[in-house]
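**Student:** Given the structure of chain S, go ahead and fit chains H, C and A onto it with the hints provided.
Sequence order for the protein chains is S, H, C and A. Quick note on numbering: my numbering labels position 58 of the first sequence as 62, and the sequence is numbered without any gaps. Quick note on numbering: my numbering labels position 45 of the second sequence as 49, and the sequence is numbered without any gaps. Quick note on numbering: my numbering labels position 44 of the third sequence as 48, and the sequence is numbered without any gaps. Quick note on numbering: my numbering labels position 55 of the fourth sequence as 59, and the sequence is numbered without any gaps.
In short, the hints are calculated from the structure, not lab data. Watch out, some of these pointers could steer you wrong.
If several chains are the same, the list does not tell them apart, and a pair holds so long as it fits within one copy or across any two.
[As the list claims (entries may be wrong)] Below, a list of computed lysine-lysine pairs in the BS3-like style, where the Cα atoms sit at most 30 Å apart: (1) K37 <-> K12; (2) K75 <-> K37; (3) K75 <-> K12; (4) K85 <-> K12; (5) K37 <-> K85; (6) K85 <-> K75.
No experiment lies behind these values; they were computed from the predicted model shown.
There are 4 protein chains.
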Amino acid sequence: MAGYSGSKHDHAMRLRRIEGQVRGLQRMVEDDKYCIDVLTQVSAATSALQSFALSMLEEHLAHCVAEATLKGGPEADAKIKEASDAIARLVRS
Amino acid sequence: MAGYSGSKHDHAMRLRRIEGQVRGLQRMVEDDKYCIDVLTQVSAATSALQSFALSMLEEHLAHCVAEATLKGGPEADAKIKEASDAIARLVRS
Amino acid sequence: MAGYSGSKHDHAMRLRRIEGQVRGLQRMVEDDKYCIDVLTQVSAATSALQSFALSMLEEHLAHCVAEATLKGGPEADAKIKEASDAIARLVRS
Amino acid sequence: MAGYSGSKHDHAMRLRRIEGQVRGLQRMVEDDKYCIDVLTQVSAATSALQSFALSMLEEHLAHCVAEATLKGGPEADAKIKEASDAIARLVRS
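Only chain S is shown next, with the shape it has when bound in the complex (with noise of 0.2 Å):
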């Protein structure tokens, strides 16, 4: 069962938001909108992964690594040391 389960709603929905603003893009392309008009409307897109992340990380952080934390050992250490790379990832992308 993954971290997130109790939000696995909320999380389909933004993601569905997601994918219509992706489609709103391809629609602005095929219309020829003005460049500047795509590009706010990919920076939108792109807050709006990075939300998600965001989101998903701290439930994360919350149930999986407060999990991992618990019984403790070298898999405590591993469960941090794959989060902070996710969140490099994240800081870098």
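**Tutor:** Relative to the frame of chain S, chains H, C and A by itself:
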């Protein structure tokens, strides 16, 4: 006509791939995939959106902004301000 | 005691290098260096600050957040919320 | 002469403030300040560096790139490619 008409097909293809990545994210959440794997896929989609934006921005500078510069006057300055604001939104999103 | 005491010397060294990069930027501007070369150096300093932040964040998760988790109760939740907010600021800055 | 000569003094002032922020970070680490407070200060310094970069980039577009566009030829294309690459480094850093 938008500044990216010559590469409209490429842009449409890129956006379709990004839509596919977002639909893939929906399936991952639906199937309770591990948070970290979901986050890795979000980073990939975010990077793809940024690459799309950077390519559209380069065409905007090469066409719309360059044309305004050749005409000169206040519209040239306005185009550069407008492009700079779009760049700021990308850097901060 | 801060969660990063063990690596305080490393952090101090990193920050001194970043200070050196920012002083180098001042010399570049003073000497009218080419804009693009200045921008390349800004990207390097920004990346160095992010690496410093990511390394401090990993230690924070491994020490402060892990200790709060072991104690449990509302303070554990508060620590995770606080760390998530700090991650959000990093992702968005 | 660099494209930012008119605002050299402003740029120098901004960079001195950023140097002050990085020195402040060194004092925070020296004094074992709480990780989250250090991270908040890193986000502030990163944002200040990005604002500096965005302002320098706008001047570069308004002066160096605009001049190359007016001259035309392969150098104009090269300047736009060069600026786009610098923007990509900023977006990804």
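**Student:** Using 30 Å as the alpha carbon limit, work out where K37 and K12 are close: within a copy, between copies, both or neither.
**Tutor:** For K37 and K12, the Cα distance is within 30 Å only across copies (11 Å; inside one copy 35 Å).
**Student:** Please sort K37 with K85 into within, between, both or neither, judging by C-alpha distance up to 30 Å.
**Tutor:** between (44 Å within a copy, 19 Å between copies)
**Student:** First find the shortest C-alpha distance between K85 and K75 inside one copy, then the shortest across copies, and answer within, between, both or neither for a cut-off of 30 Å.
**Tutor:** both (16 Å within a copy, 21 Å between copies)
**Student:** Evaluate K75 and K37 at a C-alpha cut-off of 30 Å and name the case that applies: within, between, both or neither.
**Tutor:** Only across copies: K75 and K37 sit 22 Å apart there, 54 Å inside one copy, limit 30 Å.
**Student:** How do K75 and K12 come out at 30 Å by Cα distance, when the copy is not named: within, between, both, or neither?
**Tutor:** Both ways: K75 and K12 sit 25 Å apart in one copy and 28 Å across, limit 30 Å.
**Student:** Is it within, between, both or neither when you check K85 against K12 at 30 Å Cα-Cα?
**Tutor:** both (25 Å within a copy, 19 Å between copies)
Comparing the model with each numbered hint stated earlier shows that all of them hold.
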